[in-house]
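Order-wise, the sequence lines are chains A and B. In my numbering, each residue carries its 1-based index in the first sequence increased by 144. In my numbering, each residue carries its 1-based index in the second sequence increased by 1205.
A portion of the hints provided could be inaccurate.
What the hints assert, rightly or not - The list that follows gives simulated cross-link-like pairs (lysine-lysine, DSBU-like), each with its CA atoms no further than 35 Å apart:
hint, chain 1, residue 1, chain 2, residue 2
1, A, K409, B, K1529
2, B, K1576, A, K508
3, B, K1469, A, K428
4, A, K384, B, K1533
5, B, K1380, A, K539
6, B, K1576, A, K539
7, A, K449, B, K1380
8, B, K1227, A, K408
9, A, K369, B, K1469
10, B, K1227, A, K539
To be verified - Covered stretches of chain B (chain A as the covering partner; in silico rule of three or more C-beta atoms under 8 Å from a C-beta of chain A):
hint, stretch
11, 1207-1220
12, 1462-1476
13, 1485-1493
As the list claims (entries may be wrong) - Calculated from the model, a selection of chain A residues having no Cβ within reach of chain B, i.e. all distances over 10 Å:
hint, residue
14, R161
15, D268
16, Y431
17, S439
18, G488
19, Y526
In short, the hints are calculated from the structure, not lab data. Here a beta-carbon is modelled for each residue, glycine too, at the ideal position from N, C-alpha and C.
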Amino acid sequence: MDLSIGTEYEAFREEVRSFIRGNLTDDIREAGRLATSVFAEPSRAIAWQKILHKQGWAAPHWPEQYGGTGWDIVQRSIFSEECLKANAPPLIPMSLLMCGPCIIGYGTDEQKAEYLPRILSGEDFWCQGYSEPGAGSDLASLQTFAESDGDDYVVNGTKIWTTYAQYSNKMFCLVRTSREGKPQQGITFLLLDMDTPGITVEPIIGIDQVHEQNTVFFDNVRVPKANRIGKENDGWTVAKYLLMFERGGQEYAPSLYFQLANIKKLAEGVIVGGETLWDNGFFKRKYCEIEIEISGLAFTENRIKSALGNGQNPGPEASMTKILGTEISQRVTELAIEAVGEYGVPLQVDAIEPGSSIDGVGPKEAMAIMPKYLNTRATSIYGGSNEVQRGIIAKAVLGL
Amino acid sequence: MDFSLSEEQQMLKDSAAKWVKKECQFEQRRKIMHTKEGYSDAQWKQFAELGWLCVPFSEQYGGIGGSMVDVMVLLEELGKGLMVEPWLSTVILGGRLVELQGSEQQKQEILPSLCEGGIKMALAYNEIGARQQVENIAMTGELSGDDYVLNGKKTVVLSAEAADQLLVVARTSGKPGDSAGLTVFVVDPSQQGVTLSGYPTMDGYRAADIEFDQVRVPPSAILGQTHTAYESLEQVLMEAIITVGADAVGTMELLYQTTVEYSKTRKQFGTPIGKFQVLQHRMVDMFMHYEQSKSVLLMAVLHYVEGFDEVNKSISGLKVQIGKAGRKIGQEAVQLHGGMGMTDELDVGYYFKRLTCIDALFGNVDHHLSKYAEMV
């Protein structure tokens, strides 16, 4: 049992650092610094992805033959950590983290050759068509129907919570191709072009006043059967594979530590009645309690990584880190709005657009705090709500 | 980075788990707790035979040269058996203080015998008003001729009645609040002027208040050097926190699992209560509090063993974590067991009380949060 990560990684860390120093522009960095959501401003996020792609680093977790880096789990953590510290914007996850792995796992050689290079290069922008107005946590009850018609499917229905559909030229989605048997059995995984006739995208404005989500309507949309990933009626297998691919891959603690450290800086600069907020015992107590919880999560994630390193399968721990990571992140953002006090009140979404020339009210670093707090409420809802995750643990771990 | 156990550690864990399964039937433990001694001497002998008393000591003193990682592995298992033997007092608070602070001769005299199950010890440091903080100690050890004369009162001294030797912390210079000027004396509890009043603790151990009235001891009773015990004491108390931390984590694991199993068999409204989603989610939260505690324990132990700069912070973080999680898991276990959880008949109450008492020892959540806040 030991905590050492080996000196050979120091050189790697230096290589990553020096690359980021030399290639991450201030303009892109601003998008990372002002991000109020896990989805950064897309044009700058894509610009950063293109820079990484040139270096071969756009998809470290992909198998090497498809453009991955061949890094081990420690190297991947170091890479994410250094990107985070440098305020690099997070890469848009829909294509690199979600769609790509499904194509790698279940696509034909032709599909791999067609889509994967364009995902890596950022040429295609993908959105995810999973949820529907009647199918949220109960995803398998989805009703968008794809009717077979010769070499095509004809799709009718509605998808909702489609992040960044307004920027996307492609969508990967789950549709129903059969109403027989269990709900999971009649689902098919399809890829489609967003400019196909019959698709309408309508914006949903969030409680943070930001346009991140959309509703997507399908009215007799023709999709070639060649765009199907996996077998007909076997889309649930592909969707589950995606979850397995993500499993153990996501680490929350490094980003939470980083956000918490920013709150400390913020609090040190806030003077209340002659003392800094940082010297306020009530505030500091809350800060410390959160930091201790993050340290627990960091070691829970370390334990999972260590198990992966020894060739063990981490299993439903992914549900636990999702619950802990998102719920702690919500508390971090609560503490942040308490730190900025009345400067959380003004509505000034335009002032935090990267490159905005609007001065805004209050200190610049305080402006993104309230929108981020509001946006972070979504983290316990999306990706399988935390209630669903607790259900998974109750069943898979506790045997209830 | 590697969190797997070595072969030896796995064996230690297995043997402790086996012992708990075989020797720690609840009825039997409860009987032992209610005896005058409060623990079983026969089982103490087994501890010695199994090599559990010598874990943290270096080989030259009869130990196996283990680290706090080994202590953690052992105590996590023993915690599940409601151990009431004076292991913490003898091995960590006593033996480790001797190893850190004692002279070569004292180590040779005490530790090999301790490892074989001969000498049992207790650490008399806490006083009324000191709130378990070493620097607040007021009891005096005054030089009188060649001897020292001890005067003062110690309170809630764990496993004191079982001890063959007391390690008594007294002030040989300075005033309460000073970290300098503290000296540890090795005192025979049967000596003239020592009055020991024992009582059971809420969680099944025994403890005592001890009065020292003109107790005369020779200079050879001084453990190591005069005035300099503060750092050794602080280090031993860190090890004590790791020890009760591991005990608490083992207890939490057992308690959440016991609750889950109970919910599968207890029927109300015609269905096992474990089928109710509201209870399932609460048990998942118990499970996650346990996992978080295990993680913070690992962090603290490894920071301690590997000498990280932030070790003090991590140890306080551990005490905060087990205090909060222990309260949560303990209370939920009682609640989910319903009326039965409130009775002396069921072991659940004993585990709940153990977790509650652990928070109160060596500085509670509030104390360690304040300490932590000074280090962020």
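Comparing the hints with the structure gives:
1. For the given pair, A:K409 sits about 27 Å from B:K1529 by alpha-carbon distance, which is consistent with the 35 Å threshold.
2. Restraint check for B:K1576 and A:K508: satisfied, since their Cα atoms lie roughly 33 Å apart, inside the 35 Å limit.
3. Only pairs whose Cα atoms come within 35 Å are accepted, and B:K1469 paired with A:K428 is rejected, the gap being roughly 42 Å.
4. For the hint pairing A:K384 with B:K1533, the CA-to-CA distance comes to about 34 Å; that is within 35 Å, so the pair holds.
5. With a C-alpha separation of about 59 Å, the suggested pair B:K1380 and A:K539 falls outside the 35 Å cut-off, and the hint is violated.
6. A C-alpha spacing of about 40 Å is found between B:K1576 and A:K539, which places the hinted pair above 35 Å, so the restraint is violated.
7. Using a Cα cut-off of 35 Å, the hinted pair A:K449 and B:K1380 is violated, with the two alpha carbons roughly 50 Å apart.
8. Among the hinted pairs, B:K1227 with A:K408 is inconsistent with the structure: their alpha-carbon atoms are about 51 Å apart, more than 35 Å.
9. Pair hint A:K369 plus B:K1469 does not hold up; C-alpha atoms about 48 Å apart against a cutoff of 35 Å.
10. For the suggested pair B:K1227 and A:K539, the alpha carbons sit about 30 Å apart, so the restraint of at most 35 Å is met.
11. With a threshold of 8 Å between beta carbons, the proposed coverage of the stretch 1207-1220 of chain B by chain A holds, since 6 of its residues qualify and at least three are required.
12. Closer than 8 Å: that is the beta-carbon criterion, and the stretch 1462-1476 of chain B has 3 residues meeting it against chain A, so the requirement of 3 holds.
13. For the stretch 1485-1493 of chain B, the stated coverage by chain A is satisfied: 7 residues place a CB nearer than 8 Å to a CB of that chain, which reaches the threshold of 3.
14. Distance check on A:R161: its Cβ is at least 20 Å (rounded) from any Cβ of chain B, clearing the 10 Å threshold; non-interface status holds.
15. Once the 10 Å rule is applied to beta carbons, A:D268 is consistent with being away from chain B; the minimum gap is 37 Å.
16. Distance check for A:Y431 against chain B: the nearest CB is about 7 Å away, which does not clear 10 Å, and the non-interface claim fails.
17. The claim that A:S439 lies off the interface is violated: its Cβ sits roughly 6 Å from the closest Cβ of chain B, which falls inside the 10 Å cut-off.
18. The claim that A:G488 is not at the interface with chain B holds, since no C-beta of that chain comes within 10 Å of its own (minimum 23 Å).
19. With a minimum CB-CB distance of about 19 Å to chain B, A:Y526 clears the 10 Å threshold, and the non-interface call stands.
Taken one by one, the earlier hints fail for this structure at numbers 3, 5, 6, 7, 8, 9, 16, 17, listed in ascending order.
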